[in-house]
Structure formats: structure tokens, C-alpha cells
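Those protein sequences? They're chains A and B, same order as listed. Take my numbering: the last position of the first sequence gets the number 224, and nothing is skipped along the way. Take my numbering: the last position of the second sequence gets the number 345, and nothing is skipped along the way.
Everything labelled a hint here was simulated from the structure, so no lab data went into it. It is possible that part of the hints are untrue.
[What the hints assert, rightly or not] Some, not all, of what chain B presents toward chain A, calculated at C-beta under 7 Å:
#, residue
1, Pro82
2, Tyr86
3, Ser89
4, Phe92
5, Arg93
6, Ala99
7, Val100
8, Ser107
9, Ala226
10, Ser227
11, Arg231
12, Ala232
13, Ala233
Glycine included, every Cβ here is placed at the ideal spot set by N, Cα and C.
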Amino acid sequence: MSGQMVPPGARGETTAPPLFVAPAGRPVARLPGLGRRVAMASAVFVVAEIGIALVPFEALRRLSGLPIALGVTPFEVLAAGTVLALLTAARHFSKPSRAYGPVAITAAVAGIAYLLWLAAHATIAVDPGHGVGVTLTYGTVLELMAVAPALSLVSAVVTTLEDLRHPGERLPFDYPAGGV
Amino acid sequence: MRMNPRPPGLYRWSRLFRRLSTLAVVVVVTVSALAVYSATQVRPAPGAAGGLTQLLLPNGTVELGATFNLSNPGPFAFTHLRLVAVVSFPGAGLLAVGGTPDSTIAGASTGVVPLTIFIPMATSPVGATLLTHDAALPVDLWLNTTYAGLASAAIRAATNFTWGAPFAQFNATPGPPAPQPNGTLQVPVEITFSDHAVFGDVGTITVRVVSSAGVTCATSSLPIATPAGAAFAQGLSFYLGAGCDPSGGQLLVSYDGPGISAAFPPEALP
Numbered sequence: 045m046s047g048q049m050v051p052p053g054a055r056g057e058t059t060a061p062p063l064f065v066a067p068a069g070r071p072v073a074r075l076p077g078l079g080r081r082v083a084m085a086s087a088v089f090v091v092a093e094i095g096i097a098l099v100p101f102e103a104l105r106r107l108s109g110l111p112i113a114l115g116v117t118p119f120e121v122l123a124a125g126t127v128l129a130l131l132t133a134a135r136h137f138s139k140p141s142r143a144y145g146p147v148a149i150t151a152a153v154a155g156i157a158y159l160l161w162l163a164a165h166a167t168i169a170v171d172p173g174h175g176v177g178v179t180l181t182y183g184t185v186l187e188l189m190a191v192a193p194a195l196s197l198v199s200a201v202v203t204t205l206e207d208l209r210h211p212g213e214r215l216p217f218d219y220p221a222g223g224v
Numbered sequence: 076m077r078m079n080p081r082p083p084g085l086y087r088w089s090r091l092f093r094r095l096s097t098l099a100v101v102v103v104v105t106v107s108a109l110a111v112y113s114a115t116q117v118r119p120a121p122g123a124a125g126g127l128t129q130l131l132l133p134n135g136t137v138e139l140g141a142t143f144n145l146s147n148p149g150p151f152a153f154t155h156l157r158l159v160a161v162v163s164f165p166g167a168g169l170l171a172v173g174g175t176p177d178s179t180i181a182g183a184s185t186g187v188v189p190l191t192i193f194i195p196m197a198t199s200p201v202g203a204t205l206l207t208h209d210a211a212l213p214v215d216l217w218l219n220t221t222y223a224g225l226a227s228a229a230i231r232a233a234t235n236f237t238w239g240a241p242f243a244q245f246n247a248t249p250g251p252p253a254p255q256p257n258g259t260l261q262v263p264v265e266i267t268f269s270d271h272a273v274f275g276d277v278g279t280i281t282v283r284v285v286s287s288a289g290v291t292c293a294t295s296s297l298p299i300a301t302p303a304g305a306a307f308a309q310g311l312s313f314y315l316g317a318g319c320d321p322s323g324g325q326l327l328v329s330y331d332g333p334g335i336s337a338a339f340p341p342e343a344l345p
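With the hints as constraints, model all of the structure from the sequences given.
Written out as C-alpha cells, the structure reads:
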């Protein structure tokens, strides 16, 4: 597993999933193997792709057949959602490595940018005819939603700092071995 | 069994922000879902006006009024609620603008939104026309509001307001002049109209017989107090001296009421 960190005092990692056994009093980590990481990242990608790309895409595609003007196109949402889903999966895959912090920062920044871009275009105009028209603007909801990736960004920055100062220190807490 | 010690400080900070991030998502999604559900419960409350009321003010302005009652049972408020109405006269453009002040309807309450439009009959270029002609006046309504501080809505609607003229089908009909034994010329005039407005006609109708040379031969004033919806018909007789030939002249009729002075279209004398 290239780039994977080894926690302080690690030894005896001969089988997958690797089990890092620390001296007495030191925490122990059981890092997932490459196959498990790929499987989990794939599962995360599928869930994220459905939640933030395919479902909004299908919803917008159906709405576009009605007399409703949307601020974004279904394909824009599909493309942006797929990029975010890939970043989410990459973040999950890289969690045992030093790349986790930078990847998480990238994912958080992309999430913030996406939500703010959506907020700027968060307008739905409905024109049912008969002289009636309704325009809804919901950008505030998306701006508030951007607080979540902003907090994730802070978390990712802190993790990056931690990985720089104490490589592997967090692994026993992210992947606790349980009883040894 | 081995227990992990307390995580390092940076890890705990990172974990805290991760959890706060998750909490933020949960809170925003929950509040948004609740706001959407509450918005679907908003209904016009009983007592909502079905149409505009009319009132003639002493300054010659017609006040159109309506009241909208809105039941807002959810916990979120409507803020910055404004209603603007623009009344047009077909072919003449803007006739009047009205609206409501910036208002708020708190959560779990019923709000009353009064709409008032003033039509300056005395100063409007089409005021005289509105005195005598019923009309379907196009009304454009705009409603802007913010709900729960999260989403704003702008609603526009177009409708027609049926204007009932206070002097509908006004006619001042001169009859054929009839020479009198005393040498004067009698000119009969029949004044007729119907009050299609929702307010009565009170004031004075003044009729002048003007010769073709522009000289006023005779004048008569007619006090009126016609109830709303009633018809009016009254005859007048003018006796013109020998020096005033009405032939080719005009019958000039004007109305003076509370705040309104208007001239009706002149009528040619036979």
C-alpha cells in the first residue's frame, strides 16, 4: 500500500488486513487492505453518485419537461455531482494515507464551490399560464448547506497538520484494532 | 482487553469539526424539510376578499381596496411581504399604482394584508372617460415575500377589474328648438345616465347652451343625488332670447362633485 502511513511502534504487519501492534500503552491500528479500501471507496462512490448526481439529475430532467425554468441544467448537476462523488470516494480511499488531508481539502473546497455556484443559480420560475407566474429563490438554503463542507475543510486542514507533525498518529483512532 | 488512550489534540479537533459538519447537514436538511412542509400548509384564511371595493374620496380620488387573509399554521414567518398592484387603462397605459407596506406574518398566525389602490379621477387623463364608460381595467399584481428566512418567492398575477362608471351612458340630448309666443326660443334638453359605480353620484350638473359664435346663451344647474346602481333622467328647458341663435352651437355639460370637476363631451345643437 504505497503512501500508507505506519503508526508509531508498528511492527509485525505480515497479513492483510495489516494489524499494527504497538508497545504496551500505545494505541493499536488495524488498517484495511487495498481490496477492502477499493471496495469501500466504490460503495461510497455509488451512494454519493446516486445521492448528489443521479437523483438531482433525474429530478431536474423531469422538471425540464414542464413549464418551469431552472437556473441550472440537469447535465451540469450530473457532471458536478459526479466530480464530487469521485472526490468523496477518493477521500475515503486515502484515509489511511498522508494523502487524506489534501484530498479531503480538495473535496471540501469543491463541495463549497459547488454549493455556492448552485446558490447563485437557485431560482425556479414556474409559468402555468393565465397571467400567473411564480419565481422561487432558495439560495440561502444552499449557502447554509455550504457550512457543512466548510467545517469539513477545517477538519481536513487540521488532519493535514496532524499528519505532517505526527505521521500515523491518528490511525489507531481511525482504525482501532479493538482487543489484542 | 486493551483500551485506547485519549486521542491527541489535533485528532480531537479534527473529529469535532467533522461531527459539526455532519450536524450542520442534519440541521439544515431538517429545517429546510420542515419549512417546505409548513409552506404547503399555508392557505387563504376565511374572510379573504373576493374582489376590490370602491370608494370615492372627497378629494376626487377613487380608492380601490382589498384584504387578503393568509393562514400560516407553521412555525416559520413570512417576512418582507409586499404586494404591489398596477392598474392600467387599455390604450392609455398606467392608471394607478397601489400596494401594501412591508409586513410580516408570524408563524402560527393568520395575517391580514390590506391592499389599497388610488385612482386620481380628477387628475387622470382618462378620468373623464372613466366617469362615463364602464371598463375592464387590467390589473397586474406582484407579491414578494421571504419564508422562514430561507427562500423567497415572487408571484405575479394578471387579472381584470371591472370598473362601473358613475355616469355610465351619459347623454345630454337636445330636442328641437321651439319658438315661444313671447319671442324666445325653447330648447329642451334631456339628461340621462346610469350610476354603475358602487358609490352614489352627489353634486351638480351644469348645462350651458352655447351659440355657434361661442356665446353662452343660457345656463342651468341641476343638483343630483343618485344612489349607486340607479338610473337618472331629467329634462331641462332653456329659453333663449332673440339675440342668441343656438343653431350650430353646442351643449356643454359639466359635473362638479366632491373633489371632481369634469366636463362631458360637448353635444351639437340641431
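Hint-by-hint comparison with the structure:
1. Pro82: Nearest chain A Cβ about 5 Å off; hint holds.
2. Tyr86: holds (5 Å)
3. Ser89: This interface hint holds because 4 Å falls under the 7 Å limit.
4. Phe92: holds (4 Å)
5. Arg93: OK, holds: B:Arg93 within 7 Å of chain A, min 5 Å.
6. Ala99: holds (4 Å)
7. Val100: holds (5 Å)
8. Ser107: Status holds, d = 5 Å.
9. Ala226: holds (4 Å)
10. Ser227: With Cβ-Cβ at 5 Å, under 7 Å, it holds.
11. Arg231: Holds: closest Cβ of chain A sits about 5 Å from B:Arg231, inside 7 Å.
12. Ala232: Hint holds; B:Ala232 Cβ to chain A Cβ min 5 Å, cut 7 Å.
13. Ala233: holds (3 Å)
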